[in-house]
Amino acid sequence: MKRRAESKRLPSLAPLVSDRPLSRTTAEKILRAHGFQDTGSIAAALPRLCTNDQQRRSLRLLLPRLARACAASADPDRAFLNFERLVSALPHPNMLYHYLLDAPEALELLVRVFVHSQALSDTLARNAEYFHFLISPETLRAPRSKAWLHAELTRLMLASRVPTEKYDIIRRFRRRETLRIGARDLIGRATVEETTLELSNLADVCLQAVFEIARDTLAAQFKLPRETTPAFTVIGMGKLGGQELNYSSDVDVIFVYDRDGPLTPSLTRQDFATKLAEEIVRAVGQQTEEGSIFRIDLRLRPEGASGPLAWSLSNCENYYAERGETWERMAMLKARPVAGDTALGQQFLDMIQPFVFARHAGENVIRQMAAIKARIEREIVTDDRLTRHVKLGIGGIREIEFIIQSFQILRGARVPQLRERNSLRALPLLARAKLLTAEEAASLAHAYRFLRNVEHRLQMEMELQTHTIPNEEQALARLARSLGFATIEGFFNAQQQHTAAVRRIYQAVLAHAERSPGTDLLAEDKLPESLRNAGFTDIAAATRIVQNLLHGSGFAHVSQRTKELFTAVFPTLLDIASKLANPDAALFHLDRFVAAYGSRGLLYELFLRNPRLVEILLRLGDASRYFAETLECEPGLFDEVCRGTALTEPKNLARMCEELVAAVAHAPDVPPLNVARQWKRAELLRVGIEDVMGLVDLEHLHREITCLAEATLRFALHQARRELNLPVLPFAVIAMGKFGGEEIGYGADLDVLFVGEPSSDAIRLATKLIEFMSQPTEAGTLFVVDTRLRPDGEKGPLAASLAAHRDYYLHRARLWEKLALTRVRFVAGDESLGRKFVEMVHNILYAAPITGADLAEIRRMRQRIETERANPKQADLEFKTGPGGLMDVEFLVQTLQLRHGHAHPLLRSPYTLATLNRLTSLGLVDEADGLALRRHYLFLRRIESVLRRAENAGVSRLPSDEHEQALLARRLGLANRDDLLGACRLAMDAIREIYQRMMTP
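Residue 3 is where the sequence shown starts when you use the working numbering, and the numbers rise one by one after that.
A hint or two may mislead.
[To be verified] Listed next, the in silico DSS-like pairs over lysine-lysine satisfying Cα-Cα at most 30 Å (straight line):
1) K31 - K148
2) K820 - K797
3) K653 - K838
4) K653 - K528
5) K770 - K875
6) K148 - K277
7) K565 - K528
8) K797 - K875
9) K838 - K797
10) K838 - K875
11) K820 - K838
12) K565 - K581
13) K225 - K277
14) K820 - K770
[To be verified] Simulated DEER-style distance windows between Cβ atoms:
15) E305 - L160: 39 to 45 Å
16) D928 - R143: 38 to 44 Å
17) A667 - P264: 25 to 31 Å
18) H94 - R143: 22 to 28 Å
19) R228 - Q467: 33 to 39 Å
20) S580 - E491: 48 to 54 Å
21) P472 - S555: 28 to 34 Å
It should be emphasised that the hints constitute simulated quantities derived from the structure, not laboratory data. Note that the Cβ used here is the ideal one computed from N, Cα and C, for glycine as well.
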């Protein structure tokens, strides 16, 4: 009776779908009376819902029900507009209207989806045929098993034999099943356990299908029977491993293959496994018209983002036994084979158990886990989100997981029953083991389900990886209603009760982690042993330095608070030092930096809040005297370089140029070139920190240093032109050598040419530019510029015209100069002239392939360099100029460019490794040879980089001193000097063998 009375009070909706259109004002007034806010959009949508009389009659009957359902929802406008999108996508809307008139529960389902998940609404609008799938009685009745999902996907993939089409079938299947799972969740037919298990099973099935397609494709490519391919398993980590996946999780995986060794004469098992991993990553993450399958995250693998994509089982075992860290032990708690070879997957799990559940695990592990959680709160979740971030915030999902994982790591070795990946299944096991009370376990389980439901609703909204409760009122209202709360206040009350309960238990479990172990380690009778255990060799000197860091030098009072801070930091310091090649040098430089910094207490507090800062300082002191002394001279650079996202956001040339100009503008009282020199010092320090912290790979490191050089060169040219008052740029600056190839490392000179008419202005400007770049000052140097590669070398004019260069290269240039020309690149000055120069060079170099006589001459050149620059008695140390050194690869690539560049324009590139990749893809270099050359070249360049980093100066041979060799080995991640020399010899022998074979006519 009440509903009938309300209907009488509301204006009729029938005129809205009459064949006689209402005025916009009248239509909006009616819609507003029925609870709609965005009446303009809805009034505009109505005509699209009834394009003929038949539809108009049906909609006239349905519209009151639709309006009531929308008005009863948390967002009537969104519900209606998403309904219109679905209708517009259907070929026969009238059938939908008739169905909904007879099935009110289907209308309720649609409105709930339309209001609470824009992502699922978009799926229905895109694939309107899924509506019939969704309303089928079998679809939402019960969860579907992994076996059913596998069988269904297998059936669907029978429609095609083409890998790309199969991948699209998987994408559509994943989208359809996510709609089904989400709809069950939204209408309350699924528990959290059912939802997370179904999402995880769906991921497993999709990954298995991708694995099979990728493996079979590669097996066919290499003409291998499927059964002869290496055993390969995909290990699911994180929420996937724990069968707790959410709607927008990254899929964390590790790729493992059975063993190393040859597969065919030209293909190793590692090569095949790596290619298989690459194809899986590409297929899973690739965006097509059908979307992507999942976002895939490989950072949990050994060595993180810098490590190989696929690891052999034995290499995994060695890594975790020798280098595994606490966070990796935590990650491995949830490891589970999800695709590929199940037997190998089980072998991996068996292998990892002693690492994860170490019998010697003690309270220090809990302290480290607590430190990881605290660091997350400090670095990832900002203060205003600590109470709104359901995953990482106070009392959030991560705290529940930390409680569970701390007990599992501490007790899992002795109580195997605790080794449960799934959080909700683990909690009653902890209660049974008397590690939690029954009430605590139940409270954590209730909180976990609540928070996971909140997380699901947040991610279901736009299928984004979000965990933060919104501030906007309508979004909050939708969230609260979707979880069954009538009001926002009711939702927040429940959230606060759950998170407070979690926080209380978390603090109780980890309370003893607050006690610092540093007091015992610093005790006078234990300190020498602590230092010795951490790898220090000069114990007396290290003891004096530690005492100095704790008590000060005696010239100034050190507060008790400062001493307590250092005591708390000291275990972290020792732990980091134990991983360094030369902890004595690292501690020496740390002490000097602390003295230079001034505010000892503030610095120690920074260390305690962010242990990464002390790690940066220790690693710099270990790896580079140049960078350590830079900080000791200018300690303010430390705050400048380490603040914010300076070390996590790579910088390209454009950004560096902008920052340099901005730095000059902010210091109007300082000579611009001095600002540039100081800025360059800070930027090179930033790059050095990224390097020693393992945040960049070698190629990115070289690219950043090249961008730094190019930015300063452009700025110095601008300043020189202003000082000389030149209205136009009289030349183009051409980069050569490693500068041209964007491959310069620490301490490198910049090889350049000046191309332009040799006027007095051009000579003056070039001279001034060289002076600005190369001149040493108190503020430092930019980069030393070297112009000796110009025509006629040091005897030739500093600048020469385009025509003069053409004449020289056509008639007088020697063959070594033509090799050098393969790496020309415009970097500054007159861009049009620079492009013309590069085009002219390419026309000359690649007019015809080199002759057999040229090839012989190149071999003689290389031999002459080897004889004149390398010490034949210590050839194994000559990683640059010796046999099999870096020059072999560079000579080979440049020779192949001159041999094949006329037929293949792709090879006309200044970039060594990119060109090598292209030579391989064109079939001009055997794939195995190409991979070997790349791997060994990068290894030798890494050696070069680590050696150059020490003093920011050129180095081209290994040290002959055995102690220095041992230090270098450790900095490269090798066990000892024998491993270093062996790896270097292996690389150089392999390079020389390929060089000699390919340089033979």
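Verification of the hints:
Under the criterion of a C-alpha separation no larger than 30 Å, the hint pairing K31 with K148 is inconsistent with the structure, at around 51 Å. Pair hint K820 plus K797 holds up; C-alpha atoms about 18 Å apart against a cutoff of 30 Å. With a C-alpha separation of about 29 Å, the suggested pairing of K653 with K838 holds against the 30 Å cut-off. As the CA atoms of K653 and K528 are separated by approximately 46 Å, the hinted pair breaks the 30 Å bound.
Straight-line distance between C-alpha atoms of K770 and K875 comes to about 44 Å, which puts the hinted pair past the 30 Å bound. For a cut-off of 30 Å, the pair hint linking K148 to K277 stands: about 28 Å separates their Cα positions. Under the criterion of a C-alpha separation no larger than 30 Å, the hint pairing K565 with K528 is consistent with the structure, at around 17 Å. The suggested pairing of K797 with K875 is violated, with an alpha-carbon distance near 35 Å, which exceeds 30 Å.
The straight-line distance between the Cα atoms of K838 and K797 is roughly 25 Å, inside the 30 Å bound, and the hint therefore holds. Straight-line distance between C-alpha atoms of K838 and K875 comes to about 47 Å, which puts the hinted pair past the 30 Å bound. Annotation: proposed proximity of K820 to K838 holds, straight-line Cα distance about 17 Å (limit 30 Å). For the hint pairing K565 with K581, the CA-to-CA distance comes to about 25 Å; that is within 30 Å, so the pair holds.
Restraint check: the Cα-Cα separation between K225 and K277 comes to about 15 Å, which is no more than 30 Å; the hinted pair holds. Simply put, K820 and K770 have alpha-carbon atoms about 28 Å apart, close enough for the 30 Å limit, and the pair holds. For the pair E305 and L160, the beta carbons lie near 40 Å from each other, so the given range of 39 to 45 Å is met. D928 and R143 have their C-beta atoms about 57 Å apart, which leaves the hinted 38 to 44 Å range violated.
At about 60 Å, the CB distance of A667 to P264 disagrees with the hint of 25 to 31 Å. Between H94 and R143 the beta carbon distance is about 26 Å. The supplied range of 22 to 28 Å therefore holds. About 36 Å separates the C-beta atoms of R228 and Q467, a value consistent with the hinted range of 33 to 39 Å. At roughly 52 Å, the beta carbons of S580 and E491 sit within the given window of 48 to 54 Å.
Taking 28 to 34 Å as the suggested C-beta distance range, the pair P472 and S555 does not conform, at roughly 53 Å.
Hints 1, 4, 5, 8, 10, 16, 17, 21, counting from the list given before, are not met by this structure.
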